[in-house]
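**Q** Count the sequence shown with full-length UniProt numbering and you get residues 1 to 298, in order.
Please note that a few of the clues may not be correct.
What the hints assert, rightly or not - Pairwise CB distance ranges (calculated):
1) ALA122 x ASP206: 27 to 35 Å
2) ASP182 x ARG162: 33 to 41 Å
3) ASP111 x GLU202: 21 to 29 Å
4) ALA57 x LYS159: 32 to 40 Å
5) GLU202 x THR110: 21 to 29 Å
6) ALA198 x ALA54: 26 to 34 Å
7) GLY140 x ALA57: 21 to 29 Å
8) ASP111 x GLU278: 42 to 50 Å
9) ALA85 x ASN221: 22 to 30 Å
10) ALA115 x ASP206: 19 to 27 Å
11) ALA198 x ALA122: 35 to 43 Å
12) LEU234 x GLU14: 14 to 22 Å
13) ASP206 x GLU20: 33 to 41 Å
14) ALA88 x GLY220: 37 to 45 Å
Worth flagging that the hints you see were computed from the coordinates, not collected in a lab.
Note that beta-carbon positions come from the ideal geometry of N, C-alpha and C, so glycine has one too.
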Amino acid sequence: MSRSASARANRRGEPPPSPEPLPAPALDSHTHLDIVLGERPADDEHGEWASDAAVDAEIAAAAAVNVTRLVQVGVDVASSRWSAALAARHPAVLAAVALHPNEAGAGKATDEALAEIDRLAAHPRVRAVGETGLDRFRTGPEGWDAQEASFRAHIRIAKEHRIALVVHDRDAHGEILRVLDDEGAPENTVFHCFSGDAAFAEACVDRGFVLSFAGTLTFGNAGYLREAAARTPLSQLLVETDSPFLTPMPHRGRPNASRLVPHTVRALADVTGTDLDELCSALTKTAERVFGPWGKDD
1 MSRSASARAN
11 RRGEPPPSPE
21 PLPAPALDSH
31 THLDIVLGER
41 PADDEHGEWA
51 SDAAVDAEIA
61 AAAAVNVTRL
71 VQVGVDVASS
81 RWSAALAARH
91 PAVLAAVALH
101 PNEAGAGKAT
111 DEALAEIDRL
121 AAHPRVRAVG
131 ETGLDRFRTG
141 PEGWDAQEAS
151 FRAHIRIAKE
161 HRIALVVHDR
171 DAHGEILRVL
181 DDEGAPENTV
191 FHCFSGDAAF
201 AEACVDRGFV
211 LSFAGTLTFG
221 NAGYLREAAA
231 RTPLSQLLVE
241 TDSPFLTPMP
251 HRGRPNASRL
261 VPHTVRALAD
271 VTGTDLDELC
281 SALTKTAERV
291 FGPWGKDD
């Protein structure tokens, strides 16, 4: 999600209580800890960010329910710098860096900004370029060319650094595939907060892409997502929060947090007919294949 929505999310109050811990370690493949902890300056490298203690408390709360690994995702230059810095100091966190497509649509994917994303992508704890892609919901037609140009630039950065690509796709399924097919997708490409139906899932799976499901999987009106997940091999599945957004049931409408990802993992186990321990193990294995190992010595 873009930073512009963070104030609305934060006005909803504190995240709900933590659920029952998972029986085996799992992960949150896409979170925005900076937005979870409050609105941040969008362009000031030295702006006032969350304290280490506040961030560590969120990570500890996730670990307490066996969500032991997180991918912190940037949406602009400032949050991408912050994400890389957090991953550098915290063994439970890896980073993804990018200019969100709505940032690009607003004209912020300048040569200087893209050069900074390229520089950050070389950091050893930055393991993905994203979230990047196309958003036809919040950005009007006047910004679509800029979005696509930025998306293509991010694909090239990911391939140059041989790291994963994290794709934001909103109302742009066919166009996303067109660009990925044209540019040649990186070896590890993740559709963050997968939003397509079963047919689109099969098109992505056939291309070797990984589909990451968020709390939307638990929504009553999301039968099409459950069908898509059911048709996706375990080796191409991930879970995420996109926190503080997309909070799973039974807490829809309240702020999300990484400690709530067990709700989505349990829903995914039901949808796929997979034992919960087996699913946690498969998700962890896929995450390590896509993002590489976590840990202080990486």
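**Q** Failing hints, ascending?
**A** 2, 3, 5, 6, 7, 9, 10, 12
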